[in-house]
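Residue numbers (this note's numbering), protein chains in the order written: chain A, 1 to 177; chain B, 1 to 177; chain C, 1 to 177; chain D, 1 to 177.
I should point out that these hints are in silico values taken from the structure, not numbers from a laboratory. Treat the hints with care, as some may be off.
Identical chains blur together in the list; that is why a pair holds if it fits in one copy or across any two.
[Unchecked claim] Straight line, CA to CA, 25 Å or less: simulated SDA-like cross-link-like pairs of lysine to any residue:
| no. | residue 1 | residue 2 |
| --- | --- | --- |
| 1 | Lys83 | Pro109 |
| 2 | Lys83 | His40 |
| 3 | Lys83 | Pro154 |
| 4 | Lys83 | Val37 |
| 5 | Lys83 | Gly110 |
| 6 | Lys83 | Glu153 |
4 protein chains.
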Amino acid sequence: MTHTDSQTEGSWLAPEELDSARQRLPILYVDAIPVRVDTHGQVTSVGLLLRATSQGTITRALVSGRVLYHERVRSALIRHLEKDLGPLALPRIPIAPQPFTVAEYFPTPGVTAFHDPRQHAVSLAFVVPVEGDCEPQQDALEFSWFAPAEAREPEVLADMSGGQDTLLLQGLFWAGV
Amino acid sequence: MTHTDSQTEGSWLAPEELDSARQRLPILYVDAIPVRVDTHGQVTSVGLLLRATSQGTITRALVSGRVLYHERVRSALIRHLEKDLGPLALPRIPIAPQPFTVAEYFPTPGVTAFHDPRQHAVSLAFVVPVEGDCEPQQDALEFSWFAPAEAREPEVLADMSGGQDTLLLQGLFWAGV
Amino acid sequence: MTHTDSQTEGSWLAPEELDSARQRLPILYVDAIPVRVDTHGQVTSVGLLLRATSQGTITRALVSGRVLYHERVRSALIRHLEKDLGPLALPRIPIAPQPFTVAEYFPTPGVTAFHDPRQHAVSLAFVVPVEGDCEPQQDALEFSWFAPAEAREPEVLADMSGGQDTLLLQGLFWAGV
Amino acid sequence: MTHTDSQTEGSWLAPEELDSARQRLPILYVDAIPVRVDTHGQVTSVGLLLRATSQGTITRALVSGRVLYHERVRSALIRHLEKDLGPLALPRIPIAPQPFTVAEYFPTPGVTAFHDPRQHAVSLAFVVPVEGDCEPQQDALEFSWFAPAEAREPEVLADMSGGQDTLLLQGLFWAGV
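Okay, chain A solo, but in the shape it has when bound:
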């Protein structure tokens, strides 16, 4: 994650401080499921990133990232969507702060459906329509649209890690897909 917003920069954590906080506090995250919708608001496709992990494996992933000090949840959503999908993605940020679920990623596997070996992250999850052009950025190898039925297929879900397959299903079921 590269931070460049000079306004809040002074209050960010140095990498070693963040590592230390990650062993001591739950870290606030947002997860976004990018979707295309038709004029009736129905989801027509679901977007997934393809990433190389630090272990050298390849996973499908949702847009996901930390909420910074003094950053609104809405702003964190936009920042991570633009960071991953590019500045022309045109996300429609949800009106209400109510997420469709809260995903609790534990460093210990099995406590919940969600797992993050680095930290205890608590993530507010949203389904976010994007209207513009999406181009994978930085560490993402690819960004692809799937039909909702395809996105739910075992072979796609099997490529996701940390429980994001569950989160994707939660979001799609909430959206009535």
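Position chains B, C and D against the provided structure of chain A, taking the given hints into account.
Below, chains B, C and D alone, put in the same frame as chain A:
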């Protein structure tokens, strides 16, 4: 309400049949709070209709109407928004079928906060961003945008009837305004 | 369905009137997924009814039924839960009128995931903890508790009809199971 | 706050570390509105604490507190409810992880409706029925039940601080009160 969709016309109720059903069954409605949002999804204005009632009084009103036989809730939302705000309103129908609340309008006042002397109506309520131009149609005298703080002022709420003031507050509080 | 509440009886529909309304209007329903929860609010089991259909087949079913004229949605939930699970079930009716989803059962298969050959029913769906003893009533052959993981297995879901398998999954995913 | 759970103790923050983290990271909180409900799930009373602040003023407050490292949100809710209302309060923790809203308390007043001079706290807010006996604990001077209409009166709301009056209204409106 004028219905012109020939596909479902055969199954609609004649006016006297609808009157009879209204004495016997809860009637399914949708209520929509039209809003303008900024790029962060925050509500910047709330739209209210000005209507003359059959009793000759003037009220502020939300977009509201019946769901027809064999009509999707999403389609009913679009139909009523376009009927009241015109064909260029460009409503962004919510992704999820989950309404922010369900308003139960009873023919007997005082059972709930909602009252409709004509019928027992149960309404699925949504906050709906509209992006286009809104022109009041048919029986609406006017359509005006209010700043969220203005829309919550007692004098504006006092002009609403049937409990729609409560519904407006529920929607605005849900939207985090 | 047997109605015995004398207060609202005068306004109920005779069977032939109900049949006629069912061809003309969406009929308001509630669906309830009965669950057991632990002290942390986590779902520990899911209750499903076993019913014989009029076609002579046997299906697993949620608690489901019509909302009557002048009946609160909350009261309809209690009435149907007690009708199916008995008077000692002690359901904890949800606080908020916001359902976890709205299921649109169409008489035409394929319009949505939900299908009801008799009618266009629009159902407010809730997950409802029950704390007491549940005994199947009337036309239910059996009522059984399933572990959440069991309830999601293909062979259990395959025994449900009209799209209630989807509704069950929606409810379980919403509950974070 | 006194922590006694030996399992996670090693990973808690020393007071000075917590102070430092509070200047650098959003801190995850839960807010709970304790309510009494009737058999229909309708809120009949709302519970508010009376606290003396460090500035020597007296405020009405919701149950509120931090989520600890490796603690479930559900467990944090129970812990704070029992800490403030006593071990016999018998809270019914909500089934779903979906909060009714997310309150973003900023150290800078005016960014949102919520303000906390000590930190940037992001709070998952829930309405929680409590069934047992409530006794104010520790630093709470009193715990009182209010009729929902009373709780919404300006003089009660004026005794709340940090935007909890808004959060209380959001919760009550969501509950359909």
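Hint-by-hint comparison with the structure:
| no. | hint | result |
| --- | --- | --- |
| 1 | Lys83 x Pro109 | neither (28 Å within a copy, 29 Å between copies) |
| 2 | Lys83 x His40 | between (28 Å within a copy, 16 Å between copies) |
| 3 | Lys83 x Pro154 | neither (28 Å within a copy, 39 Å between copies) |
| 4 | Lys83 x Val37 | both (21 Å within a copy, 22 Å between copies) |
| 5 | Lys83 x Gly110 | neither (30 Å within a copy, 28 Å between copies) |
| 6 | Lys83 x Glu153 | neither (27 Å within a copy, 38 Å between copies) |
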